[in-house]
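Based on these hints, arrange chain B on the given structure of chain A.
Sequence order for the protein chains is A and B.
Following this note's numbering, the numbering of the first sequence begins with 20 at its first residue and continues without gaps.
Following this note's numbering, the numbering of the second sequence begins with 2 at its first residue and continues without gaps.
It is worth saying that the hints were derived from the structure and are not from the lab.
Glycine is no exception: its CB is placed at the ideal position from the N, C-alpha and C atoms.
Incorrect hints may appear among the rest.
What the hints assert, rightly or not - Chain B is faced by these chain A residues, among others (derived, beta-carbon under 7 Å):
{"no.": "1", "residue": "R56"}
{"no.": "2", "residue": "P59"}
{"no.": "3", "residue": "K61"}
{"no.": "4", "residue": "P63"}
{"no.": "5", "residue": "T68"}
{"no.": "6", "residue": "Y70"}
{"no.": "7", "residue": "S71"}
{"no.": "8", "residue": "Y113"}
{"no.": "9", "residue": "F119"}
{"no.": "10", "residue": "A121"}
Spelled out, the chains give:
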Amino acid sequence: EDQVTQSPEALRLQEGESSSLNCSYTVSGLRGLFWYRQDPGKGPEFLFTLYSAGEEKEKERLKATLTKKESFLHITAPKPEDSATYLCAVRTEYGNKLVFGAGTILRVKS
Amino acid sequence: DAGVIQSPRHEVTEMGQEVTLRCKPISGHNSLFWYRQTMMRGLELLIYFNNNVPIDDSGMPEDRFSAKMPNASFSTLKIQPSEPRDSAVYFCASSIKTGTEAFFGQGTRLTVV
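Here chain A stands alone, though its shape is the one from the complex:
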């Protein structure tokens, strides 16, 4: 069965304190790993897609990396506006289904 596990469940950082969120997966035939950000009361907002091990994507203070078993979302010098739930999802070789992890709740304090 395809599984996506995110850690930690929650993370509190001080403004400027860099850290990483983890997404580990067990799937049969990865066809893409997706990172989303979700703010309270809103739908998930697309951040990155990674397709192969070794690939990296960057956007402002965020950088996503991918290995054969996991992905990391690195947050450099975070600001309070980076506070949100970060969701990881995988698409497998079987159809168009996205399987989501439970998410990491990030809180950045000034």
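Just chain B now, kept in the frame of chain A:
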């Protein structure tokens, strides 16, 4: 583009009533997805369409749930009869083609009392 548009944003209904959720995908997108989000189970895919055709409805929890996509710009998710355990946030998402990222609407918060 305005993005994926869902209506209503909030719905409160009594147990046993019929509920219809609506979605307008992004113009030009060929895939449409219905997700449900709860604290206990997170985001779950209910059903998805490619070119208006239902492809995978294995996530639809019961026969009380049904979804239609009569044309490329409109989809509905219907629950009949509704039950308190259906209370959740329902999201619609669309993607330009199979395998690409999906863009989500703002969701419909459903409360069944």
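Hints versus structure:
1. Against a cut-off of 7 Å between C-beta atoms, the interface hint on R56 of chain A is violated, since the closest Cβ of chain B lies about 11 Å away.
2. The beta carbon of P59 of chain A comes no nearer than 11 Å to any beta carbon in chain B, farther than 7 Å, and the hint placing it at the interface is violated.
3. Below 7 Å, beta-carbon pairs count as interface contacts, and K61 of chain A has one with chain B at about 6 Å; its hint therefore holds.
4. Among the interface hints, the one on P63 of chain A holds; its C-beta lies about 5 Å from the nearest C-beta in chain B, closer than the 7 Å criterion.
5. Of the supplied interface hints, the one on T68 of chain A holds, with its beta-carbon coming within about 5 Å of a beta-carbon of chain B, less than 7 Å.
6. Annotation: Y70 of chain A was flagged as interfacial toward chain B, and the flag is violated, the nearest CB pair being 9 Å apart, outside 7 Å.
7. Interface hint status for S71 of chain A: violated, as the beta-carbon distance to the closest one in chain B is roughly 14 Å, over 7 Å.
8. Given hint, Y113 of chain A at the interface with chain B, is violated; its Cβ is 9 Å from that chain's nearest Cβ, farther than 7 Å.
9. The closest approach between the C-beta of F119 of chain A and any C-beta of chain B is roughly 4 Å, which is under the 7 Å cut-off, so the hint is satisfied.
10. With 7 Å as the threshold, the beta carbon of A121 of chain A comes within range of chain B, its nearest partner Cβ sitting at about 5 Å, so the hint holds.
Violation of the numbered hints given earlier is confined to hints 1, 2, 6, 7 and 8; the remaining hints are satisfied by the structure.
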